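Protein chains: 2
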Amino acid sequence: MRLKLTLISRTLTSLKMNFELHPQLNRDCFFIGRLDLCQLLLMNDSQYPWFILVPESAGIQEIYQLNHAQRMLLQNESCRVAQYLADLFKADKMNIAAIGNVVPQLHIHHIVRYRTDQAWPSPVWGKYDAVPYHPERKVELITRVRQGLDLSI
Amino acid sequence: MRLKLTLISRTLTSLKMNFELHPQLNRDCFFIGRLDLCQLLLMNDSQYPWFILVPESAGIQEIYQLNHAQRMLLQNESCRVAQYLADLFKADKMNIAAIGNVVPQLHIHHIVRYRTDQAWPSPVWGKYDAVPYHPERKVELITRVRQGLDLSI
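If you read the sequences in order, they're chains A and B. Taking our numbering, I'd label the letters of the first sequence as residues 20 to 172. Taking our numbering, I'd label the letters of the second sequence as residues 20 to 172.
Isolated chain A, as found in the complex (with noise of 0.2 Å):
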């Protein structure tokens, strides 16, 4: 087992060796965290808890690009942010979507949703303009959501 666990480790740390995020997810957001698959960001729109998780992972574009192992990797670590996140917030609903139409980069939307949200029960893509968090309100959020899903920085 543990040796298994070392040889799905090495893999994915030469697979993570090529990636660089991609330049507008590094303009709309801002790194929470890493998980064993994924970095967590927090989308700059204060109108949603809005949140995506990028597999780290070069040239994927498509889920289904990537390997056996990291594709329950990624089910198993889309669930436990969007369960945490749930929670946290007390969500309505959260919507889970990989669009990448815009920004092809495989990147999983994690948005938590209410009845009461503007956008409701629409999708919240191009509905309205971004509204860019306070820096005191993006740190506390950051450091909350850091240290409740454990991640590493």
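These aren't lab readings, by the way, just hints derived from the structure by calculation. The structure displayed is predicted, hence computed values, not measured ones. Be aware that a few hints might be false.
Copies of the same chain are indistinguishable here, so a pair counts whether it falls within one copy or spans any two.
Stated by the list, open to error - Computed list of lysine-lysine pairs in DSS-like fashion (alpha-carbon distance at most 30 Å, straight line):
no. : residue 1 : residue 2
1   : Lys146    : Lys35
2   : Lys109    : Lys146
3   : Lys35     : Lys109
4   : Lys109    : Lys157
5   : Lys157    : Lys35
We have chain A already, so just place chain B on it with the hints.
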């Protein structure tokens, strides 16, 4: 291994017993066939090749509410369907999403997108009214995908 598969199969069967497709999915879509966990539907909107996977598990609204075995099955089935559709339709991008703000029963959209489709690069939801399929094209498409994915009915 055979015992484990039998146990998983029995558990899935018992979970499926109380499952009923949400009336709105029933109205808006055509049934194509079944995988181990999900049923596959064709959305009655000929503007995009738009398919929906619905885990046949009663009372589930979020992916993280599925048990571990179901989550792994869902990831496998989603990747299999997405890759098949991307190849068949020569997609520019697949859009994969669990939204559920209107229909709370967990269902995962698998939408083939083209840079030339009328909604590109926006997501398709709420963009244009559905354009129903001609009956012949519908039957042809359902038959093709049912056979291509070797689905049970």
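For each hint, the structure was consulted:
1. In this assembly of identical chains, lysine 146 and lysine 35 lie within 30 Å of each other by CA distance neither inside one copy nor across copies; the values are 34 Å within and 37 Å between.
2. Taking the shortest Cα distances, lysine 109 and lysine 146 sit within 30 Å of each other both inside one copy (23 Å) and across copies (29 Å).
3. In this assembly of identical chains, the alpha carbons of lysine 35 and lysine 109 lie at most 30 Å apart only when taken from different copies (28 Å versus 34 Å within one copy).
4. In this assembly of identical chains, the alpha carbons of lysine 109 and lysine 157 lie at most 30 Å apart only when taken from the same copy (19 Å versus 41 Å across copies).
5. Only within a single protomer do lysine 157 and lysine 35 lie at most 30 Å apart by alpha-carbon distance; the minimum there is 27 Å, versus 43 Å between protomers.
Consistency note: the structure conflicts with earlier hint 1 alone.
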